[in-house]
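All chains, please: the whole structure from these sequences, using the hints.
Chains as they are written, first to last, in numbering that gives the first Met the number 0: chain A, 0 to 206; chain B, 0 to 350.
Hints in this document: simulated from the structure, not taken from any laboratory. There's no promise every hint is true.
Negatives, chain B to chain A, calculated, CB over 12 Å [unchecked claim]:
| # | residue |
| --- | --- |
| 1 | Gly95 |
| 2 | Thr107 |
| 3 | Lys144 |
| 4 | Glu152 |
| 5 | Pro221 |
| 6 | Glu278 |
| 7 | Pro281 |
| 8 | Ser334 |
| 9 | Gly343 |
Residues of chain B clear of chain A, computed beta-carbon distances all greater than 12 Å [to be verified]:
| # | residue |
| --- | --- |
| 10 | Arg83 |
| 11 | Gly88 |
| 12 | Tyr89 |
| 13 | Thr92 |
| 14 | Leu159 |
| 15 | Ser185 |
| 16 | Lys279 |
| 17 | Leu282 |
| 18 | Phe295 |
| 19 | Gly322 |
| 20 | Gly332 |
| 21 | Ala342 |
Below, computed lysine to aspartate or glutamate pairings styled on EDC-like, alpha-carbon distance capped at 16 Å [as the list claims (entries may be wrong)]:
| # | chain 1 | residue 1 | chain 2 | residue 2 |
| --- | --- | --- | --- | --- |
| 22 | B | Lys188 | B | Glu139 |
| 23 | B | Lys273 | B | Glu152 |
| 24 | A | Lys110 | B | Glu302 |
| 25 | B | Lys119 | A | Asp31 |
C-beta: ideal position from N, C-alpha, C; glycine also.
So the chains spell out like this:
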Amino acid sequence: MKKQHILIVKSVIWLLALMPLARLVWLGYNDDLTANPVEFVERSTGTWTLVILLTTLAMTPIRLITGIVWQIQLRRLLGLFMFFYACLHITTYLWLDYSFLWADIAKDIIKHPYVIVGFLAFVLTIPLALTSNNSAMRRLKSSWKKLHQLVYVIAILGVLHFWWLVKKDVTEPFYYALVLAFLLGARLYYKRSTKLSATGSAQVQAN
Amino acid sequence: MIISTKSRQNPADIQPSEISPREVFENRRTFIKAAGTGLIASALSMKVKAAQIVGGETKGAGVLIGRANAPAPLEKKVVNYNPRQKINGYTKTTYGADEKLTSYENVTTYNNYYEFGTGKGDPAIEAVLFKPRPWTVSIEGEVKKAKTINIEELMKLAPLEERIYRMRCVEGWSMVIPWVGLPLASLIKWAEPTGNAKYIEFISANDPSTMPGVRSPVLDWPYIEGLRMDEALNPLTLLAVGIYGELLPNQNGAPVRLVTPWKYGFKGAKAIVKIRFVEKMPLTSWMKAGPSEYGFFANVNPEVDHPRWTQSSEKRIGNGLFGGRIKTKMFNGYSEQVGQMYAGLDLKKYF
Chain A
0 MKKQHILIVK
10 SVIWLLALMP
20 LARLVWLGYN
30 DDLTANPVEF
40 VERSTGTWTL
50 VILLTTLAMT
60 PIRLITGIVW
70 QIQLRRLLGL
80 FMFFYACLHI
90 TTYLWLDYSF
100 LWADIAKDII
110 KHPYVIVGFL
120 AFVLTIPLAL
130 TSNNSAMRRL
140 KSSWKKLHQL
150 VYVIAILGVL
160 HFWWLVKKDV
170 TEPFYYALVL
180 AFLLGARLYY
190 KRSTKLSATG
200 SAQVQAN
Chain B
0 MIISTKSRQN
10 PADIQPSEIS
20 PREVFENRRT
30 FIKAAGTGLI
40 ASALSMKVKA
50 AQIVGGETKG
60 AGVLIGRANA
70 PAPLEKKVVN
80 YNPRQKINGY
90 TKTTYGADEK
100 LTSYENVTTY
110 NNYYEFGTGK
120 GDPAIEAVLF
130 KPRPWTVSIE
140 GEVKKAKTIN
150 IEELMKLAPL
160 EERIYRMRCV
170 EGWSMVIPWV
180 GLPLASLIKW
190 AEPTGNAKYI
200 EFISANDPST
210 MPGVRSPVLD
220 WPYIEGLRMD
230 EALNPLTLLA
240 VGIYGELLPN
250 QNGAPVRLVT
260 PWKYGFKGAK
270 AIVKIRFVEK
280 MPLTSWMKAG
290 PSEYGFFANV
300 NPEVDHPRWT
310 QSSEKRIGNG
320 LFGGRIKTKM
330 FNGYSEQVGQ
340 MYAGLDLKKY
350 F
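This is the structure we're talking about:
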C-alpha cells in the first residue's frame with residue numbers, strides 16, 4: 000500500500016474515531032443524554048475505549064491470518080484514540096460523577112473491585128501513550144516492545160472492569176470477552192505453529 | 000386482529016386491547032408474506048411507531064418486540080396505545096411536600112424492570128403490550144380471607160392518597176416520586192392474618208407473551224420480594240396504584256406495586272399477582288441471584304457499602320451532567336418512621 004493511501008485510511012480513522020465524541024456533544028447540546036446523563040457518558044466513553052482497544056488488537060491477527068501487513072501502521076493512531084477515550088472516561092468519573100471529591104474517589108477505588116481493575120488499566124495505558132512517539136521507540140530499543148505488551152494486560156483488565164460492573168446481565172461484556180479471547184488466542188496459535196514449523200525445519204536441516 | 004393498512008391512516012382510534020400479541024403478529028407476518036401483499040411494510044411500521052412513541056426521547060427502538068428491520072416510514076404522530084388515565088378521588092398528604100419532584104418523563108423512561116429488559120430504557124418501550132387490566136391479586140397463606148380480589152376491589156380497601164417519597168436505587172441513583180396508593184396495612188387488616196403470619200411474600204407477574212424479559216433467565220422468575228410483618232404494617236409502606244395523579248404506567252409496575260421508601264428500590268415488587276402471608280422469611284429473587292450482594296432487609300444504609308456501588312452518596316436523577324452527588328441518609332432519611340423496627344439489629348450483618 001502506498002504512503003498516500005495510508006494517509007487516506009488514517010484520515011478516515013480520525014473522522015470515525017471522533018464521531019462518538021461528536022455524538023455525545025450533540026446529545027448533550029440537545030439535552031438528550033437520558034435521565035442519567037453522567038452514567039450515559041461514562042458508559043459511552045467506556046464502551047468506545049474498549050471498542051477501539053479491541054480494534055487496535057485486531058491489526059496483528061489480521062496480519063497473521065491474511066498475511067496483509069499495511070494495517071500494522073494504524074496501531075499507533077488507534078492506540079492513541081483508545082487512550083483519548085480512556086481519558087474522557089476517567090475525567091467523566093472524576094469530575095462529573097465524583098466532582099473531584101478525592102476522599103470519596105479513593106474510597107470508591109479501594110472498595111470496589113471493578114473500579115480497581117478499571118483504574119489500574121488506565122494507569123497502565125499512561126506509559127504506553129507517553130512512549131508512543133518515534134524517539135521513545137528508538138531510545139527504548141528492544142524494551143519498547145516488551146513495555147507495549149502491557150496492552151494485553153490492559154485489555155484483560157478492561158473487559159474484567161466491564162464484566163464486574165454489570166449487575167446481572169453479562170451478555171454485553173461476554174461479547175467483548177469473546178472477541179478478546181479470539182484476538183489473543185489467534186496470537187498464541189500462530190506463535191505456537193511458527194515455533195513448531197521452526198523446530199520442524201531445524202530437524203529437516205539436521206537430517 | 001388489527002392490521003395497519005393504507006386506508007387506516009389515523010390509528011389513534013386503536014384501543015390497546017386491540018393490538019395483537021407478538022405470536023399472532025408474527026403469524027400474520029408469515030401470512031402476509033405468503034399472500035404477497037404490500038402490507039408487511041405498514042404492519043412493521045406500526046410496530047416501530049409503537050416502540051418509538053412510548054420510548055419518547057429515549058434512543059433505540061424496541062430490541063425485543065419492535066424489530067425494526069424494515070426501512071419503515073417514521074411519522075412523528077403520537078399514537079397512544081396505553082393512554083394516561085387520571086385517578087379520581089385521592090387525597091394529598093404532607094409526605095415529601097418540600098421535595099422537588101423528578102420529572103414525569105424521567106420517572107417513566109428510566110426504569111429497572113427486568114421483566115421488560117435489563118436496559119433502563121427498555122421497560123418504557125417493551126411494556127407496550129402488557130395489559131394491567133383486568134387484573135386480580137391472590138391473597139394466600141396464613142390469613143382468614145384467603146381469596147382473589149380484583150384490582151378495583153383492592154383500590155377500594157382504603158382511601159387512596161398521594162405520597163411523595165424519595166426512591167433510592169442500590170445502583171447509586173435516586174428520584175422523588177409522587178405515588179398514589181393505599182397503605183399496605185389496610186390490606187393486611189382486611190385479610191386478617193393468623194398468628195403464624197410473620198412475613199409477607201410478594202409475587203410479580205411472569206407472562207412471557209407480554210413480558211419479553213422473562214424469556215431469558217436473568218433472574219429466577221417470577222420476581223419475588225418480601226417484608227417482615229412489622230415492616231409491612233409500617234405506615235410508610237404503600238401499595239401504589241399510580242404516579243403523578245394517574246394510574247401507574249406499565250413500566251412503573253402497573254397495576255399495583257410495593258413502595259418501601261427506606262429500602263433500596265428493588266424491594267418494590269411490581270405488577271403484583273400474589274400476596275402470600277408466610278411464617279418463614281421468603282427467599283427473594285435478588286437474594287437468590289447474589290446472596291453476598293443483596294440481603295432480605297435491603298435498608299438504605301450509607302455505612303454498608305455494596306461490592307459494586309458506593310452507598311454513601313447518590314446521584315439525583317434530573318440534576319443533569321454537572322449536578323454532582325448528594326449524601327445518602329440512613330434509611331433514606333426515614334429513620335424517624337422506621338428506625339425503631341431495627342433497634343438492636345446488626346445492620347452490617349442484616350443488610
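Quick rundown of the hints versus the structure:
no.: 1; hint: Gly95; verdict: holds, 19 Å
no.: 2; hint: Thr107; verdict: violated, 9 Å
no.: 3; hint: Lys144; verdict: holds, 36 Å
no.: 4; hint: Glu152; verdict: holds, 35 Å
no.: 5; hint: Pro221; verdict: holds, 16 Å
no.: 6; hint: Glu278; verdict: holds, 29 Å
no.: 7; hint: Pro281; verdict: holds, 19 Å
no.: 8; hint: Ser334; verdict: holds, 22 Å
no.: 9; hint: Gly343; verdict: holds, 27 Å
no.: 10; hint: Arg83; verdict: holds, 19 Å
no.: 11; hint: Gly88; verdict: holds, 31 Å
no.: 12; hint: Tyr89; verdict: holds, 26 Å
no.: 13; hint: Thr92; verdict: holds, 26 Å
no.: 14; hint: Leu159; verdict: holds, 27 Å
no.: 15; hint: Ser185; verdict: holds, 32 Å
no.: 16; hint: Lys279; verdict: holds, 25 Å
no.: 17; hint: Leu282; verdict: holds, 17 Å
no.: 18; hint: Phe295; verdict: holds, 18 Å
no.: 19; hint: Gly322; verdict: violated, 8 Å
no.: 20; hint: Gly332; verdict: holds, 19 Å
no.: 21; hint: Ala342; verdict: holds, 28 Å
no.: 22; hint: B:Lys188 to B:Glu139; verdict: holds, 14 Å
no.: 23; hint: B:Lys273 to B:Glu152; verdict: holds, 15 Å
no.: 24; hint: A:Lys110 to B:Glu302; verdict: holds, 12 Å
no.: 25; hint: B:Lys119 to A:Asp31; verdict: holds, 15 Å
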